[in-house]
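Peer 1: Listed below are the residues making up each chain.
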Amino acid sequence: MTDPLLRVVDLKTYYRTSAGLVRAVDGVSFEVYKDETFCVVGESGCGKSTLALSIIRLVPYPGEIVGGKIIYRGTDLLKLPESEMRKIRGKEIAMIFQNPMNSLNPVFTIGFQIAEPPVIHFNMDGRSAWRRAVELIGKVRMPDPEVRARNYPHVLSGGMRQRSMIAMMISCEPKLLLADEPTTSVDVTVQAQLLNLLMNIKRERRMSMVLITHNFGLVAEVCNRVAVMYAGKIVELGPVREVFRNPVHPYTRGLMKCLPIGTKRKEQLYVIPGQPPNLIEPPPGCRFHPRCPHAMEKCKKEEPPLTEVEPNHYVACYLRR
Amino acid sequence: MTVEGLRKYFPVKKGFFKKPDWIRAVDDVTFQVFKGETLGIVGESGSGKTTLAKLILRLIDPTTGKIYFDGTDIVGVSKKELRKYRRRMGIVFQDPSASLNPRMSIEETLRRPLIVHGIKDREEVRRRVLDILQKVGLGKEHMKKYPHQLSGGQQQRVAIARAIILNPDLVVLDEPTSSLDVSIQAQILNLLVKLQHDLNLTYIFISHDLLTVRYVSDRIAVMYLGKLVEIAEADELFYNAKHPYTATLLSAAPIPNPEVRYVKRFSLVRGEPPSPINPPPGCRFHPRCPYAISRCRTKEPVLKDVGGGHYVACHRAEELDLSEYTSGLWKIITESRVS
Ligand SMILES: Nc1ncnc2c1ncn2[C@@H]1O[C@H](COP(=O)(O)OP(=O)(O)OP(=O)(O)O)[C@@H](O)[C@H]1O
Ligand SMILES: Nc1ncnc2c1ncn2[C@@H]1O[C@H](COP(=O)(O)OP(=O)(O)O)[C@@H](O)[C@H]1O
Ligand code: SF4
Ligand code: SF4
Ligand SMILES: [Mg+2]
Ligand SMILES: [Mg+2]
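Chain order of the listed sequences is A and B.
Under the numbering used here, think of the first position of the first sequence as -3, with each following residue one higher.
Under the numbering used here, think of the first position of the second sequence as -15, with each following residue one higher.
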């Protein structure tokens, strides 16, 4: 592989709450290469959204990036002044959120909102930007682009809103797309359509994508490489086929085993005992140890580092060594 | 339970002087639920699943139709009589944090249905609350807690306990695991299966997660825009789907196995779900159906038995072979297993 497009190094993002310090992302490192789809999968609260927001530096108060590097095409984004960062957002790195209503402005037509970024970033004149917006609306396969461009977000269905979001996000031809649960709020058929659309656009424009999801089905459908997160850390990372064929970390294995597939109807399912820890006082040592069927003394004291177990397949667990 | 010709129309006002339009949330639905079975109901949002559940529990009045519970039509009965039947039915909703009263302790939450139904003896109430907590995998230590002190999974256990504390025959589960994490979902599914077995419960299990529905259900009904389009034994429905909409749903489900990624699948999915206000004439699925013929645009198909208790509402049910769209999912269901 060539130089990575994005390199996240030992990233730490904490929220300072009245209940204590929430270590939402706690020492996460990974790379995203050109043209690749990189998935981050994990249960709710494990820090996926915080990770994505950290990459474009939009972590909300009381959150703060407290350590690490985010190197995008050779530049550490964490060292840039906010004015420079604003030029990166949308133009180089764009983000799609779970709920499109949070990022679409209800008082402007979607055509206007899709036309606006190129005006800001490239000084494109209003009329060409509008024409381009209509084109993009067609590109994301909404019927009657001219009519749709004049619609306000609230008259659109959930699927259409998410399509508008996608059109808006690609209007400046970003090189990296961050998609945080982009299909969680839509139905399964709409999800299939949106995924197809995203993957086609991604291929056509040669973008890289970081897809965040809790759904192993989505991971298997679209990813090249996958990182499994647990309690603010990456516990396993590797090529998607390798991780599915040969999951190594007990948490990854547990998640895959407890899906209601490969079983007869009503046959007892495998369960991971207990529940994910709170991130204010995560368990010491391996954070998974209170739920791990293989936990050893060492696991309770020392944190296992992410280590290569097969070429390009990394696992943070003492078991295999 | 037998449901016959059940309809629920909601008025939508367009203007002060205009006649209202009607949302046909549930439109002429007929099916049976057998004792001790799980009937799964799948369909996309807005297809009428929750409305159907509320009708069955008599939480809302049907526009027309009959609901026979143990032989009695519970649509016509008096309020007093209805209470007797209500007691034999329980419900669990999707979001436990919204369905549990935040100001009531777990003990109070569970005591409530007992007291409402006239069980006043304090010892007995306490005993039954403890007993039900144990059955759902909680204990005495949870009695004095409030919902916000419990995790999502524990809250859902409380909601299940509340639904079964009066020893109902039928429990309606409306997306009971959708708001839960994967690792907690398996715990709740195991609990539901065990309770059904131990207490001889009948379930109506509503969900849009096909893999979950297939796992818990004996039979599955598929809804589209207020209509029942297909109903069959669970594995039969997955292996041998006959309705193009069912095949569409199955083909769209993301499959957790990267090896079957390239199987021909998504091609069946087209168009957006139309509005239930003025559903298309004829077969409601025809604008999105790749197999539609002229008859589909004018004549509404009725549910027909295609053999072995497999019912389909499609003019072309007998001639279509849809297996190429569904075989990938079926393979995963039967073969994939992490050892
Ligand atoms: N604004 C905030 N203030 C305080 N804590 C927060 C805030 N946002 C997130 N957190 C906490 O940070 C942790 C990680 O949150 P995050 O939303 O990033 O996880 P996630 O895996 O994306 O969850 P979900 O799937 O539920 O969206 C959680 O413990 C969460 O409660
Ligand atoms: N109280 C109500 N008033 C008006 N419309 C309703 C009401 N409840 C449900 N509907 C409508 O009925 C249709 C079916 O809704 P619902 O039963 O909630 O479907 P599902 O649970 O499958 O999402 C939807 O179009 C919905 O907007
Ligand atoms: S390090 Fe120890 S506790 Fe953690 S996953 Fe591996 S075996 Fe289990
Ligand atoms: S009746 Fe016609 S339109 Fe409806 S599902 Fe069957 S083939 Fe398609
Ligand atoms: Mg999130
Ligand atoms: Mg519903």
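If you are wondering where the hints come from, they were derived from the structure by calculation, not from laboratory data.
Being a predicted model, the structure only gives us computed values, none of them experimental.
Glycine included, each C-beta is placed from N, C-alpha and C at the ideal position.
A few of these clues could be false.
[Stated by the list, open to error] Only pairs whose alpha carbons sit at most 30 Å apart, straight line, appear in this in silico DSS-like list of lysine-lysine: (1) A/K260 with A/K198; (2) B/K3 with A/K260; (3) B/K178 with A/K260; (4) B/K3 with A/K262; (5) A/K87 with A/K65; (6) B/K3 with B/K315; (7) A/K30 with A/K87; (8) A/K253 with B/K178; (9) A/K75 with A/K30; (10) B/K315 with A/K253; (11) B/K283 with A/K262; (12) B/K283 with B/K19; (13) A/K260 with B/K283.
[Unchecked claim] Chain B stretches covered by chain A per the calculated footprint, using a threshold of three residues with CB under 8 Å from any CB of chain A: (14) 113 to 120; (15) 195 to 201.
[As the list claims (entries may be wrong)] Listed below are several chain B residues computed to face chain A (Cβ distance under 7 Å; list not exhaustive): (16) D79; (17) S81; (18) A82; (19) N174; (20) L306; (21) S307.
Peer 1: Now tell me, hint by hint, if it's right for this structure.
Peer 2: Quick rundown of the hints versus the structure:
no. : hint               : result
1   : A/K260 with A/K198 : 38 Å, violated
2   : B/K3 with A/K260   : 52 Å, violated
3   : B/K178 with A/K260 : 15 Å, holds
4   : B/K3 with A/K262   : 49 Å, violated
5   : A/K87 with A/K65   : 20 Å, holds
6   : B/K3 with B/K315   : 51 Å, violated
7   : A/K30 with A/K87   : 16 Å, holds
8   : A/K253 with B/K178 : 19 Å, holds
9   : A/K75 with A/K30   : 23 Å, holds
10  : B/K315 with A/K253 : 16 Å, holds
11  : B/K283 with A/K262 : 39 Å, violated
12  : B/K283 with B/K19  : 35 Å, violated
13  : A/K260 with B/K283 : 39 Å, violated
14  : 113 to 120         : violated (count 0)
15  : 195 to 201         : holds (count 6)
16  : D79                : 13 Å, violated
17  : S81                : 13 Å, violated
18  : A82                : 16 Å, violated
19  : N174               : 5 Å, holds
20  : L306               : 15 Å, violated
21  : S307               : 18 Å, violated
This entry does not satisfy hints 1, 2, 4, 6, 11, 12, 13, 14, 16, 17, 18, 20, 21, going by the numbered hints stated previously.
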